[in-house]
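Protein chains: 2
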Amino acid sequence: MARTLHLNAFLYGVGHHEAAWRHPRTEPARLTDVRHYQRLAQIAERGKLDSVFLADGLALWGDVRHNALGGLEPLTLLSALAAVTERIGLIATVSTTYNEPFHVARKFASLDHISGGRAGWNIVTSAGEAEARNFGVERPAHADRYARAAEFLEVAGKLWDSWEDDAIVGDRLGGVYADTGKIHPIGHEGEHFRVAGALNTSRPPQGRPLLVQAGSSEDGKEFAARYAEAVFTAQQTFAEAREFYLDLKSRLARYGRGPGRLLVLPGISPVIGSTEREALLLEKELEELIIPAYGLSQLSTLVGIELTEDDLDRPLPEVGAETEGAQSRRALVVGLARRENLTVRRLLARLAGGRGHRVVAGTPEQIADELQAWFENGAADGFNVMPPLLPDGLADFVDHVVPVLRARGLFRSEYEGRTLREHYGLPRPASQFAGPPSRVPVAPAVRQGGGAARETAVAR
Amino acid sequence: MARTLHLNAFLYGVGHHEAAWRHPRTEPARLTDVRHYQRLAQIAERGKLDSVFLADGLALWGDVRHNALGGLEPLTLLSALAAVTERIGLIATVSTTYNEPFHVARKFASLDHISGGRAGWNIVTSAGEAEARNFGVERPAHADRYARAAEFLEVAGKLWDSWEDDAIVGDRLGGVYADTGKIHPIGHEGEHFRVAGALNTSRPPQGRPLLVQAGSSEDGKEFAARYAEAVFTAQQTFAEAREFYLDLKSRLARYGRGPGRLLVLPGISPVIGSTEREALLLEKELEELIIPAYGLSQLSTLVGIELTEDDLDRPLPEVGAETEGAQSRRALVVGLARRENLTVRRLLARLAGGRGHRVVAGTPEQIADELQAWFENGAADGFNVMPPLLPDGLADFVDHVVPVLRARGLFRSEYEGRTLREHYGLPRPASQFAGPPSRVPVAPAVRQGGGAARETAVAR
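So the sequences go chain by chain: A and B. Per UniProt numbering: the first sequence = residues 1 to 460. Per UniProt numbering: the second sequence = residues 1 to 460.
Calculated from the structure, these hints are not laboratory results. Accuracy of the hints is not assured; some may be wrong.
All copies of an identical chain are treated as equivalent in the list; a pair is satisfied when it fits inside any one copy or across any two copies.
[Unchecked claim] Here are the simulated SDA-like cross-link-like pairs (lysine to any residue), alpha carbons at most 20 Å apart as the crow flies:
no. : residue 1 : residue 2
1   : Lys284    : Arg172
2   : Lys221    : Pro259
3   : Lys284    : Gly174
4   : Lys221    : Ala395
5   : Lys249    : Gly378
6   : Lys284    : Leu173
Since the model is a prediction, treat every value here as computed from it, not as a measurement.
Please put together the full structure from these sequences, using the hints given.
Laid out in structure tokens, this is it:
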């Protein structure tokens with residue numbers, strides 16, 4: 001079968017445009033209304049999208065006077081979405097920095113059971129200063145966060161694997177519920193974690209949830225190459241996106257992974273009109289609702305300079321030394337300003353649509369053209385779709401862009417699989433504690449004398 | 001209105017009897033099947049019960065060879081139950097010992113939004129040795145766990161209160177989403193936690209989730225008297241139950257709380273038959289499915305003595321010095337063995353039904369009589385119902401016992417409220433950061449010169 005696109009719907013309050021909550025086509029009170037998100041997931045499922053995704057942070061970050069912030073926690077929300085959908089994947093952002101692997105592994109195992117194998121974990125390391133202050137610690141350095149994340153993943157992997165697939169026997173008559181030889185204490189002793197295991201939730205349907213990652217720093221890319229199966233990334237230009245794509249794929253071999261084991265999904269915010277003029281009009285409407293103070297405060301934090309309304313019609317000032325934190329996002333924003341020689345006001349307008357992700361305004365055909373060009377020319381395996389207004393922008397994408405992609409043979413008409421891994425064409429990992437996949441039945445005579453075989457079993 | 005019962009359905013795999021998974025009326029594969037729990041919640045809601053409740057522990061505790069263990073995580077599961085129910089309360093067990101208040105406060109705020117005000121938190125402190133080993137720490141002492149729990153509750157309370165009820169303005173035209181003067185950094189600096197706040201989820205519908213507690217140690221009772229609004233307790237006899245009830249209620253005054261602010265709900269496992277003979281037959285069927293090795297291992301851990309099958313037909317041996325951990329449960333079990341002069345085998349049979357909770361076998365009328373007697377004579381405000389088999393035992397209770405209670409005027413026929421607090425007749429707490437409930441509007445002239453008024457505002 002020909003290679004086809006993977007599409008994820010990034011659910012984000014009432015829309016990705018920072019002024020979405022002010023637009024007459026949204027209802028900001030829906031920010032904490034589960035029915036809003038259930039409807040979004042059902043729209044995405046109607047379009048046969050691979051998955052929906054929820055971002056997260058562990059602090060009230062940003063200017064809540066001027067934007068609709070303070071919504072729901074991703075894991076609790078995704079369970080409620082699982083209950084009203086059948087097929088679509090469900091990806092939640094959870095940090096490795098202020099969490100314990102036992103809790104996180106267990107919650108994702110539980111979500112994977114609840115959804116019948118549709119759970120995905122977007123792994124983040126919580127760069128923010130405000131996040132550290134909610135956990136009573138100093139913000140850890142970038143490298144330390146990634147070192148912790150790597151060990152966290154190692155522990156979580158062991159916990160998901162701790163019940164072999166066939167550990168549950170369920171022999172009611174004989175009184176044997178589980179074969180305890182197939183439930184393994186993990187006995188992890190590392191630099192950051194000591195975890196005895198086994199997990200107290202049996203092996204999830206997918207074996208492990210799909211692992212997603214979004215950081216684009218050097219540490220982030222190396223982490224993704226080692227662990228991630230999908231990467232959400234912000235790329236403004238085709239050239240940058242292609243370079244990122246090749247860079248990431250080239251790193252896979254050193255971890256013994258083929259290029260198909262990690263899918264690269266750049267973000268795109270599609271501003272859709274039935275004519276190009278209508279799309280540009282919607283873009284302009286949203287731009288007029290921008291509150292400069294909001295964008296200035298976000299941008300000031302990102303670049304580490306206090307910007308004011310006096311700076312609006314000047315170029316972005318020289319930025320100082322790199323701050324710890326969202327390094328790759330910062331480079332992207334400064335790069336955009338310099339490349340296109342933007343004033344601060346124009347830069348804010350460009351960032352307002354997708355927080356640094358690419359915004360494309362046009363007809364469904366024009367948007368499909370863009371997606372196709374990136375997909376067919378080595379810049380993307382699919383896209384993280386970030387509608388400016390929700391639910392309308394997602395419904396427009398599903399009802400008008402997806403059919404064009406389908407007509408071009410670029411996207412599925414029906415789900416072929418049941419699990420998120422199946423949608424993304426990724427294998428179900430075997431438990432690291434299980435024996436070889438095709439065990440030859442051992443004859444009783446051999447088994448009795450089988451010292452070596454027995455040792456192997458013990459060593460497992 | 002006359003005082004009426006409160007009833008909670010304690011959902012526990014395929015039943016509370018330890019041999020439930022072996023009984024032909026259950027399907028042990030449902031242990032990780034969300035539809036099973038959704039059906040249970042819907043049965044409980046059909047009966048207009050106050051709530052459903054999920055226990056939890058942070059380790060694979062117990063003998064998984066002989067019992068169906070390894071189910072779902074409570075918070076993720078309750079969101080999925082919220083999605084298919086309308087009115088019933090949803091109570092999850094979460095530990096304060098291996099968690100951070102920011103995460104826990106946020107997840108309960110999220111569940112409360114998702115369920116429209118139906119969230120409750122059963123606060124536990126994780127006594128187990130196996131739990132400590134999953135978090136790389138030594139098991140903290142009893143008093144330390146309760147000291148941490150108290151500060152944890154204080155922080156969680158501040159976080160739930162950090163958005164005042166009217167903080168969200170939603171002025172689209174004026175571009176003001178929230179009144180930031182009504183969103184409060186909590187700046188908590190304590191012995192166990194430093195948390196800056198505010199929470200990044202707006203104030204939940206109930207203000208705070210319902211707070212539930214289950215420990216019956218001295219520390220546990222004092223903690224309950226201070227914080228809890230409902231207590232799940234294990235009581236074998238009316239005399240003990242009444243003593244516990246009076247003891248707990250008498251402690252409330254020192255925290256400025258009236259006796260109606262904390263409801264005492266003893267556990268009861270009803271073994272229901274259409275005749276008494278049928279009920280006793282079911283009890284016997286279950287008893288015959290008991291695997292002695294399972295109960296022996298549980299009991300050995302609890303009393304701190306290694307018991308073997310040789311001990312089965314002897315009295316329980318003298319138990320040594322108290323171990324750290326489940327002190328009150330241990331006292332209950334030893335007390336039961338001594339009072340009724342039970343052999344270990346008989347003790348195991350008594351514990352198999354409800355892990356130390358009271359088991360009552362009989363007709364619906366007989367069970368209703370028992371509930372009524374405890375309720376009307378100062379031993380209970382209601383009950384934590386623990387059916388031996390699920391779903392059948394819950395359906396039997398709802399369809400046969402509840403109508404008897406209703407006919408006697410002891411239980412509601414319809415929900416009167418929408419939230420869990422309303423079902424339990426408990427008030428919605430005001431935010432500690434809010435001004436007095438009826439603020440008199442301040443005239444502009446006064447406001448300008450109002451140094452004192454401004455100081456008050458700042459001090460809030």
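Hints, verified against the model:
Within a single copy, Lys284 and Arg172 get their C-alpha atoms only as close as 67 Å, which misses the 20 Å cut-off; across copies the closest is 17 Å, which meets it. Taking the shortest alpha-carbon separations for Lys221 and Pro259, only the intra-copy value of 14 Å comes in at or below 20 Å, while the best inter-copy value is 59 Å. Taking the shortest alpha-carbon separations for Lys284 and Gly174, only the inter-copy value of 19 Å comes in at or below 20 Å, while the best intra-copy value is 71 Å. Taking CA atoms no more than 20 Å apart as the test, Lys221 paired with Ala395 passes in neither setting, with 33 Å inside one copy and 53 Å between copies.
When the C-alpha separation of Lys249 and Gly378 is checked against a cutoff of 20 Å, the pair qualifies only within one copy, where the shortest distance is 10 Å, while the shortest distance between copies is 70 Å. Taking identical chains as interchangeable, the C-alpha atoms of Lys284 and Leu173 lie at most 20 Å apart only when they sit on different chains, with a minimum of 17 Å there against 70 Å within one chain.
Consistency with the previously given hints fails for number 4 only.
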